[in-house]
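Residue numbers (the numbering used here), protein chains in the order written: chain A, 1254 to 1423; chain B, 1254 to 1423; chain C, 1254 to 1423; chain D, 1254 to 1423.
Among the hints, a few may not be true.
Because identical chains cannot be distinguished in the list, a pair is counted as satisfied if it fits within a single copy or across any two copies.
Here are the simulated DSS-like cross-link-like pairs (lysine-lysine), alpha carbons at most 30 Å apart as the crow flies [said to hold, decoys possible]:
1. 1397 / 1258
2. 1372 / 1305
3. 1322 / 1305
Hint data in this document are derived by calculation from the structure and do not stem from the laboratory.
All figures in this text were calculated on a predicted structure; none of them were measured in a lab.
4 protein chains.
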Amino acid sequence: MENFKTKLTRVNTFIFDMDGVLTNGTIWVMHGHDPIRNLNSKDGYAFQLAAKKGYKLFLLSGGNSVAVKEILLRSGFTEVYMAQHDKDACYQKMLTDHNLKQEEILYMGDDLPDHCVLKQVGVATCPADAAPEIKDICIYTSQKKGGEGCARDIVEQVMRARGDWEIANW
Amino acid sequence: MENFKTKLTRVNTFIFDMDGVLTNGTIWVMHGHDPIRNLNSKDGYAFQLAAKKGYKLFLLSGGNSVAVKEILLRSGFTEVYMAQHDKDACYQKMLTDHNLKQEEILYMGDDLPDHCVLKQVGVATCPADAAPEIKDICIYTSQKKGGEGCARDIVEQVMRARGDWEIANW
Amino acid sequence: MENFKTKLTRVNTFIFDMDGVLTNGTIWVMHGHDPIRNLNSKDGYAFQLAAKKGYKLFLLSGGNSVAVKEILLRSGFTEVYMAQHDKDACYQKMLTDHNLKQEEILYMGDDLPDHCVLKQVGVATCPADAAPEIKDICIYTSQKKGGEGCARDIVEQVMRARGDWEIANW
Amino acid sequence: MENFKTKLTRVNTFIFDMDGVLTNGTIWVMHGHDPIRNLNSKDGYAFQLAAKKGYKLFLLSGGNSVAVKEILLRSGFTEVYMAQHDKDACYQKMLTDHNLKQEEILYMGDDLPDHCVLKQVGVATCPADAAPEIKDICIYTSQKKGGEGCARDIVEQVMRARGDWEIANW
């Protein structure tokens, strides 16, 4: 755990998967419309606090949702990558384009397409209901499921470890 | 508990947070539409009874939903304050505009932006799944989660304590 | 229990409340649209079987949903009464208009507005998450919650008690 | 169990029911629109992997959803049969039209209309919340409920048994 907290203090960048992390993995389908997805207000509040304190926030998803993209950008995300069928290629591009250092990155993902990126980042994390292959390679599994506050949990832990989660900032 | 029930007998005004209290904190996003939010029919029935008996009901939210506003006003809410990024400022204005006495106010909130107002009201309450910092300063944590009847629970308790929850009123 | 099963054999008419019985009590609100409500496919299948075997099915709700009305009428409901703020008055009219005998009626409701009708029908039932005042006056509380199969449970029990739940009918 | 795994190795074709299997059985109704249904992103990812490895995927439903049909066809389903009130007749036609062998077919269904087909296929399976009559005739009941990953569970088990669930394929 000491080791885990030390790693958290290095994190200044969050990359989140969408389906099963920011959402509970459900896609509500409706004829003639883009699918509906669920976001969590406690996650959203943590994103706003983190952005205000200078953390970089990214989304990296194989899915595609204009509605999620809009709301995340309004919540302080730096960039939102949707419809990325090759997550590793996108990740390599992100490292270059945004001058990211791998040890400063925390990634949270829940399923097999996240495997390759999770093996590279400084802090690999997942929700409580991630696929077993993903849990195996993560240093931290949240007690919260996807869409039920797993993002809030990890953002809050990083900000606490770095002294950024203080009542004055709320 | 005696003390808690005594406090309840003084309450004639309810102020509720929206996301995570009247809703379960989920925002369903859909391209080209305002987000969808969930309300609870048992909460709604209690609001109608309370309004009929003369209680004042307010919403104080950092979020914004025209659809929630419309339905709450139809259920007997006196006023609905949306998109209030500074909840304390709005709360001070409410005290003045509506001649409210702090010891007669019950507030229910679930997350950090509610902290400041919860510390001022007569009866500070929260749902079962509130943030730990919020539970710490509340006199009562409902056994019901946000959107699952926590508002009904507290409205019913106040009305019972004051003799207003009687079969003749249903 | 013997008494309960005997009562079930007399039932040829079902009256259901909507919110909290056929739905889980959630109303999803969306600007510019009627609220969205959730129905359960296992309930729906039982309604179709019951209608095919000649049972009468009614909805009696204080709420109002054109979408629920349409789908229930397609599933074999005889009549759907929405927006009935005085449930007792509507119930008395139903008895007359449809020549119903009280001992042949099973009602399922979950909240205070159902109290008055539940006290009159032959078989008073409720979902697992009904209000305590409702559970107190019901002969049967389903182990299923509203929207999670409580209607299927009770329709199936009546049809089994009367020999109408047979593989040949499925 | 040995017997079960051996049976899995023969499966090259999946047939799924829709409501209560790919969805949680909930139909969200909305005035003026087709009902909304929920799909699961982990199921969807497994469908894509299975299709890429040459498995045949079919949907056989008594319900009807254009939105679900479109998304399943994009995920690699061979054919999607909606609004099939006589599932056995449709199943017989599928056997002929697609040259299917019964012992190579795995079916997953949750309610009485699936009974007749489940009795014929090589591997009869159901979600954790299937009707008791369905569980009785299935060789395998998933620990996952409908809409919560029961399809992913069974697709993954078949692909593992046949050596098709390998990191190189993800």
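message: As a check of your reading, is residue 1397 near residue 1258 (CA-CA no more than 30 Å) within one copy, between copies, both or neither?
response: within (19 Å within a copy, 33 Å between copies)
query: Is it within a copy, between copies, both, or neither that the alpha carbon of residue 1372 lies no farther than 30 Å from that of residue 1305?
result: Both, since 29 Å and 24 Å are each at most 30 Å.
message: Within a copy, between copies, both or neither: which one fits residue 1322 and residue 1305 at a CA-CA cutoff of 30 Å?
response: Both ways: residue 1322 and residue 1305 sit 19 Å apart in one copy and 29 Å across, limit 30 Å.
Hint compliance for this structure: no hint is broken.
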